[in-house]
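Enquirer: One-letter residues, chain by chain:
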Amino acid sequence: MARSRQSRFERVEQVIIVSTLLLMAVTTIQPILNLVAISFSEPGQVPGMSGLAVLPNGFSLDVWALLLNHPGVQRGILNSLFITISGTVLNITFTTLMAWALSRPSLPGRRVLFVFVLITIVFEPGLIPDYFVVRDLGLLNTYWSVILYKMVNAWYLIILVRFFEDVPKELLEAAELDGANPFQTLWKVVLPLTRPALATITLFYLVYHWNEFLRPMIYLTDKSMHPLQVVLRQFVVEGDKLSMVGIDAMSNYEQAGQISIRALNAGMIVLTILPILAVYPLILKFFTKGTMSGALKG
Amino acid sequence: MSPDEKQIALSVSGNGNVPNASERAKARAFKFRMWWPYYLMLAPGIVYFLVFHYFPIYQAKLAFQDFRIFGDNVWVGLKYFEALLGSPAFYQVLLNTLIISTMKMVFFFPVPILLALLVNEVRGSSLRRFIQSAIYLPHFLSWVVVAGIFIAALSPSSGVFNEMRGWLGLAPHGFMTDSGAIRWVVVFSSIWQASGWDSLLYFAAIMAIDPQLYDAAEMDGANRWQKIIHVTLPGIAPTIATLFILNVGLFLNAGFDQVFNLANDAVRDQIDIIDTYVYRIGLQSGQFSLATAAGLFKGAIGMLMIVAAHTIAKRLTGKGVW
Numbered sequence: 469m470a471r472s473r474q475s476r477f478e479r480v481e482q483v484i485i486v487s488t489l490l491l492m493a494v495t496t497i498q499p500i501l502n503l504v505a506i507s508f509s510e511p512g513q514v515p516g517m518s519g520l521a522v523l524p525n526g527f528s529l530d531v532w533a534l535l536l537n538h539p540g541v542q543r544g545i546l547n548s549l550f551i552t553i554s555g556t557v558l559n560i561t562f563t564t565l566m567a568w569a570l571s572r573p574s575l576p577g578r579r580v581l582f583v584f585v586l587i588t589i590v591f592e593p594g595l596i597p598d599y600f601v602v603r604d605l606g607l608l609n610t611y612w613s614v615i616l617y618k619m620v621n622a623w624y625l626i627i628l629v630r631f632f633e634d635v636p637k638e639l640l641e642a643a644e645l646d647g648a649n650p651f652q653t654l655w656k657v658v659l660p661l662t663r664p665a666l667a668t669i670t671l672f673y674l675v676y677h678w679n680e681f682l683r684p685m686i687y688l689t690d691k692s693m694h695p696l697q698v699v700l701r702q703f704v705v706e707g708d709k710l711s712m713v714g715i716d717a718m719s720n721y722e723q724a725g726q727i728s729i730r731a732l733n734a735g736m737i738v739l740t741i742l743p744i745l746a747v748y749p750l751i752l753k754f755f756t757k758g759t760m761s762g763a764l765k766g
Numbered sequence: 012m013s014p015d016e017k018q019i020a021l022s023v024s025g026n027g028n029v030p031n032a033s034e035r036a037k038a039r040a041f042k043f044r045m046w047w048p049y050y051l052m053l054a055p056g057i058v059y060f061l062v063f064h065y066f067p068i069y070q071a072k073l074a075f076q077d078f079r080i081f082g083d084n085v086w087v088g089l090k091y092f093e094a095l096l097g098s099p100a101f102y103q104v105l106l107n108t109l110i111i112s113t114m115k116m117v118f119f120f121p122v123p124i125l126l127a128l129l130v131n132e133v134r135g136s137s138l139r140r141f142i143q144s145a146i147y148l149p150h151f152l153s154w155v156v157v158a159g160i161f162i163a164a165l166s167p168s169s170g171v172f173n174e175m176r177g178w179l180g181l182a183p184h185g186f187m188t189d190s191g192a193i194r195w196v197v198v199f200s201s202i203w204q205a206s207g208w209d210s211l212l213y214f215a216a217i218m219a220i221d222p223q224l225y226d227a228a229e230m231d232g233a234n235r236w237q238k239i240i241h242v243t244l245p246g247i248a249p250t251i252a253t254l255f256i257l258n259v260g261l262f263l264n265a266g267f268d269q270v271f272n273l274a275n276d277a278v279r280d281q282i283d284i285i286d287t288y289v290y291r292i293g294l295q296s297g298q299f300s301l302a303t304a305a306g307l308f309k310g311a312i313g314m315l316m317i318v319a320a321h322t323i324a325k326r327l328t329g330k331g332v333w
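Residue numbers (this note's numbering), protein chains in the order written: chain B, 469 to 766; chain P, 12 to 333.
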């Protein structure tokens, strides 16, 4: 008797635990699904739509057509893609090169170089000195200002060094005996063996560049260079609707009762997170595994 | 420092291999011929760190100077630090930073631990995977996006939160513009954005616990809660301690991106933190020296706290953060 009572009690517990977690999961994704639903709804239906809706009310691409034809948004997409892709290529190239050298245990000056990198983690002088450096280098209003700013992330560098250190010594020695130079050893032996770690860090960098808004906002005063995050911020957070829609179009939409600001907001947010959603399955595959093994390593 | 960085910080604890004497002697003999390709690889990175991390440290001298648009800046000693510490505005900003950090420590910090414990109790890997994929997602959204989502969800006219209040017969309320509520919006949006991903680290620690301990506890007749209290919690205690100490070290980082995007004129004085203050008076009002002094003040205190936290962590858990 006692046994079956306990198992019934355990079953109730299980239901409570699972429903708590499901509630959290729903609370997390419902607001996003709601914005997706609003952006695909019939524009006339949007003003009455519930914040709980997860399916579009009617179906229309009007909001998307308006957004994707807007020159500011188009430039934003291109700028974001350019900054993200070129930034990540530079990130991964130089982080890898530096990590490979630092992972050689007998590299003279290795400890000094580690301290050199760690100091930058501990001490950050702040936004204003950063700004003056970028200004003094003449990088204001160039894409370099936002691409170069985080060329090597000290944390990712260190985690990559740890992974490179785990490559079996015998393989490196074999490559060296075959006459491979350090670049060839890195390319042919080390990188193929550390692919999951590289993929993880590449995704970290990709997400970082795609999500960055502050440096572009400060360093790129020329609005035509703004990435999507800055365009989104101006529109949704600062509520600057006019620059987005334009006075003529604005009154047209409002008068015709067609496209509400709410629908445009929703569309802009969804557009900005679309690439994240696209790589999210990859993120789950690599990040979680990489972070797990990383945590276990310590 | 972001949550990712915290995780990495945890994962990289321990020291690098120290070369032994014979390796060292060999290296010295062939030094140049052997190592120059590696220094070539290091060069761009070293230049990068010098230019974008060390040069700003030198530039921070601006905090001790009067900024001049034309001509040379003039050294003024601690004038701007005195101005800062004597200013009620900075006092308020410092207070806000401490209040928001404390609120996050009390109301945010336990959430990822609880989440990890709950997720670990879910049997059925597809259900578990669904829950995890859902709660990790917001971590990868920028704070601009999260602010947009919160502005929509808390809207008095069409937001889902006020709609649900309506079911209870409560009147719609503009939480984003209520100076009494905005700090709670900050804490809650932190939980929404980061608690899932942060739980991953604790979850990994739980996975690393020896299954034999659970078997033994079961043999002794332990139920679910007893196993959590006597096996799981002690098993992840070092992780909890390290992250707690790390959070103390990062206490003055109350969350620039978050506050910057959630703030509006109605509530700014409640959540203006040191970082947003530096942005506002520096880049918006052009008071470069005062803003640099504020940034340097925060950097110096922050550095002390990080080093102290690291020392304590090393004492308590035997391993540091780096």
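Keep in mind the hints are simulated off the structure, nothing from the lab. Check each hint, because a few of them may be wrong.
Said to hold, decoys possible - Over the 10 Å line for every Cβ pair with chain P, so calculated as not near, a few chain B residues: (1) E641; (2) D646; (3) G647.
Said to hold, decoys possible - A short, non-exhaustive set of chain P residues, derived as facing chain B with CB atoms under 7 Å: (4) P48; (5) G88; (6) A145; (7) M314.
Fair warning: this is a prediction, and the values are worked out from it, not measured in the lab. Ideal placement from N, C-alpha and C gives every residue a C-beta, glycine not left out.
Enquirer: All the hints need checking, so say for each whether the structure fits it.
Expert: Do the hints match the structure? See the list:
1. E641: holds, 13 Å
2. D646: holds, 16 Å
3. G647: With a cut-off of 10 Å, B:G647 remains clear of chain P, as the shortest Cβ separation is near 13 Å.
4. P48: Result: holds, 4 Å to nearest chain B Cβ.
5. G88: For P:G88, the interface hint is violated, since the closest Cβ of chain B sits about 18 Å away, which is over 7 Å.
6. A145: holds, 4 Å
7. M314: holds, 5 Å
Hint 5 alone, counting from the list given before, is not met by this structure.
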